[in-house]
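Visitor: Sequence:
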Amino acid sequence: MASPSLPGLRHRLPPLLLLCRRLTNAPTTAFEESLTARSALALLRSEKDPTRILSICRAAALSPTSYPDRAALSLAVSALSASGSQSSVRSLLDGLLLSPSAAAVRPHVIVLFGQAGMLSDALRVFEASHTPSVRTFNSLLFACILSKKHSEVPRIFYDFTISYQIKPDLTTYNTVIKAFCQSGSSRCFFSVLAEMKRFRVKPNATTFGTALAGFYREQLFDDVRKILLLMKKHKCRANLSIYNVRIQSLCKLKRSNEAKELLREMRKKCMEPDWVTYDHLILGCCGEGNLKEAMMYFNEMKKRGLVPKSTCYFTLIYYLCKGKDFEVALEVCKESIGKNWVPHFSIMVELVNGLIIVSKLEEAREMLEKLKEKFPSNCEMWKDVEEKLALVTH
Numbered sequence: 001m002a003s004p005s006l007p008g009l010r011h012r013l014p015p016l017l018l019l020c021r022r023l024t025n026a027p028t029t030a031f032e033e034s035l036t037a038r039s040a041l042a043l044l045r046s047e048k049d050p051t052r053i054l055s056i057c058r059a060a061a062l063s064p065t066s067y068p069d070r071a072a073l074s075l076a077v078s079a080l081s082a083s084g085s086q087s088s089v090r091s092l093l094d095g096l097l098l099s100p101s102a103a104a105v106r107p108h109v110i111v112l113f114g115q116a117g118m119l120s121d122a123l124r125v126f127e128a129s130h131t132p133s134v135r136t137f138n139s140l141l142f143a144c145i146l147s148k149k150h151s152e153v154p155r156i157f158y159d160f161t162i163s164y165q166i167k168p169d170l171t172t173y174n175t176v177i178k179a180f181c182q183s184g185s186s187r188c189f190f191s192v193l194a195e196m197k198r199f200r201v202k203p204n205a206t207t208f209g210t211a212l213a214g215f216y217r218e219q220l221f222d223d224v225r226k227i228l229l230l231m232k233k234h235k236c237r238a239n240l241s242i243y244n245v246r247i248q249s250l251c252k253l254k255r256s257n258e259a260k261e262l263l264r265e266m267r268k269k270c271m272e273p274d275w276v277t278y279d280h281l282i283l284g285c286c287g288e289g290n291l292k293e294a295m296m297y298f299n300e301m302k303k304r305g306l307v308p309k310s311t312c313y314f315t316l317i318y319y320l321c322k323g324k325d326f327e328v329a330l331e332v333c334k335e336s337i338g339k340n341w342v343p344h345f346s347i348m349v350e351l352v353n354g355l356i357i358v359s360k361l362e363e364a365r366e367m368l369e370k371l372k373e374k375f376p377s378n379c380e381m382w383k384d385v386e387e388k389l390a391l392v393t394h
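In terms of the UniProt record's numbering, the sequence shown has 253 at position 253, counting the first letter as 1, and numbering is strictly consecutive.
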């Protein structure tokens, strides 16, 4: 049977693949075709060249006022920042401020500069607005956190509220609390809370949840108890998000037994866990080597109709391989690949090697073929494993 002609094959290629090819073959200074935000996002996931990243963003005419565009811009900024091209980040983000909706775009641009670790540029954009809104101010405080300049938050908070006559709102105070709690100064929470009371800003679950995470991180358990009492005083109910913060914090400290107690407490209050709760418990159990319990939670969440995220699958496969439970890891991996979620190459190598060690040669071969079929460009990377499998077989 004659093989199909090149034009025939071309018509069968997915549109995104054709876009990738045209982009690769096009001059690096421009990208002539317009793109949707979704197509741009897909292209940006694998693009490293700063010039082409800028071309993709411009071809898609991305604006941070819409969610899909924000996701693509965030990915572009991360890639440009990783390449060390601050001038490209500046070119991309300053260009967004030329739009007629510059006032609406400004807070997003400030956050993206923070994501790139370019706080001086975030400040420049903030100061260019002579009468900045509280939303723009909150974006600047958040940019400090994103750029790991937590110590700048209190300075900017106190200086700028005076010089720009900005009245802080709940988001402002919650961001200041986050900065203190992420930088090992959780006890500053109490003075911030006192100021909130003075200016009649009512704290919410986010306020207390952020503080709880900080106190757990610093293992200040007496302060955790104080926060729980303060919540009652402020009539702030311990909702699911509060329980999830506490469960995650305890699991990070390898205190999953206490996290399980909280799960029981939730259920007594007729509060059902969500996928986030299970995700924390699974990671906590895995980190403590309790793989059977991790699998129990994994199966339980699925029975309850909750859908595990890709990271949950990858975590389980990694720890199951680490614990030499390759057969269970294989089952979880098959389920994950069935959803088009493939773990990192190093985890897959460990799994296939593990299957060879426990003499599951047919399963190892099937997994290899499946991966080569799914990722034909990575076939060379599997040569060592294939040679090992061939030696064992013969």
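Rather than coming from a laboratory, the hints here were simulated on the basis of the structure. No experiment lies behind these values; they were computed from the predicted model shown. You may find that some hints are simply not true.
[Stated by the list, open to error] No farther apart than 20 Å at their CA atoms in a straight line, the calculated lysine to aspartate or glutamate pairs in the DMTMM-like style are these:
1) Lys292 / Glu331
2) Lys334 / Glu350
3) Lys302 / Glu350
4) Lys235 / Glu218
5) Lys339 / Glu373
6) Lys167 / Glu152
7) Lys309 / Glu331
8) Lys309 / Glu293
9) Lys372 / Glu350
10) Lys202 / Glu218
11) Lys334 / Glu363
12) Lys334 / Glu272
13) Lys372 / Glu362
14) Lys383 / Glu363
15) Lys370 / Glu327
16) Lys254 / Asp222
17) Lys360 / Glu327
18) Lys260 / Glu300
19) Lys197 / Glu218
20) Lys322 / Glu288
21) Lys360 / Glu331
22) Lys167 / Glu127
23) Lys292 / Glu261
24) Lys233 / Glu261
25) Lys226 / Asp274
26) Lys303 / Glu350
27) Lys254 / Glu218
28) Lys148 / Glu218
29) Lys374 / Glu363
30) Lys383 / Glu373
31) Lys309 / Glu272
32) Lys235 / Glu288
33) Lys232 / Asp274
34) Lys268 / Glu288
35) Lys232 / Glu288
36) Lys324 / Glu350
37) Lys233 / Glu218
38) Lys374 / Glu335
39) Lys324 / Glu363
Visitor: All hints are to be evaluated individually against the structure, with a verdict given for each.
Guide: To see whether the hints hold, each was checked on the structure:
1. Lys292 / Glu331: holds (14 Å)
2. Lys334 / Glu350: holds (15 Å)
3. Lys302 / Glu350: violated (26 Å)
4. Lys235 / Glu218: violated (26 Å)
5. Lys339 / Glu373: holds (15 Å)
6. Lys167 / Glu152: Cα-Cα ~19 Å, so holds.
7. Lys309 / Glu331: Answer holds: Lys309 to Glu331 is near 16 Å, not above 20 Å.
8. Lys309 / Glu293: holds (18 Å)
9. Lys372 / Glu350: Given that 20 Å is the threshold and the Cα spacing comes to 16 Å, the pair holds.
10. Lys202 / Glu218: It is violated: about 25 Å lies between the C-alpha atoms, which goes past 20 Å.
11. Lys334 / Glu363: holds (11 Å)
12. Lys334 / Glu272: violated (29 Å)
13. Lys372 / Glu362: holds (15 Å)
14. Lys383 / Glu363: Distance ~17 Å between Lys383 and Glu363 Cα, so the pair holds.
15. Lys370 / Glu327: holds (17 Å)
16. Lys254 / Asp222: holds (18 Å)
17. Lys360 / Glu327: holds (8 Å)
18. Lys260 / Glu300: holds (14 Å)
19. Lys197 / Glu218: Violated: Lys197 and Glu218 sit about 25 Å apart, past 20 Å.
20. Lys322 / Glu288: Within the cut-off at roughly 12 Å; holds.
21. Lys360 / Glu331: holds (13 Å)
22. Lys167 / Glu127: holds (17 Å)
23. Lys292 / Glu261: holds (18 Å)
24. Lys233 / Glu261: Measuring from Cα to Cα gives roughly 24 Å; hence the hint is violated.
25. Lys226 / Asp274: violated (26 Å)
26. Lys303 / Glu350: violated (29 Å)
27. Lys254 / Glu218: This hinted pair holds, its Cα atoms lying about 14 Å apart.
28. Lys148 / Glu218: holds (18 Å)
29. Lys374 / Glu363: Roughly 16 Å between the alpha carbons, so the hint for Lys374 and Glu363 holds.
30. Lys383 / Glu373: holds (14 Å)
31. Lys309 / Glu272: holds (18 Å)
32. Lys235 / Glu288: violated (36 Å)
33. Lys232 / Asp274: Judged against 20 Å, a Cα distance of about 24 Å means the pair is violated.
34. Lys268 / Glu288: Distance ~26 Å between Lys268 and Glu288 Cα, so the pair is violated.
35. Lys232 / Glu288: Not OK: Lys232 and Glu288 at ~33 Å, beyond 20 Å, violated.
36. Lys324 / Glu350: holds (10 Å)
37. Lys233 / Glu218: Judged against 20 Å, a Cα distance of about 24 Å means the pair is violated.
38. Lys374 / Glu335: holds (15 Å)
39. Lys324 / Glu363: Status holds; Cα separation ~16 Å.
Hint violations for this structure: numbers 3, 4, 10, 12, 19, 24, 25, 26, 32, 33, 34, 35 and 37, all remaining hints satisfied.
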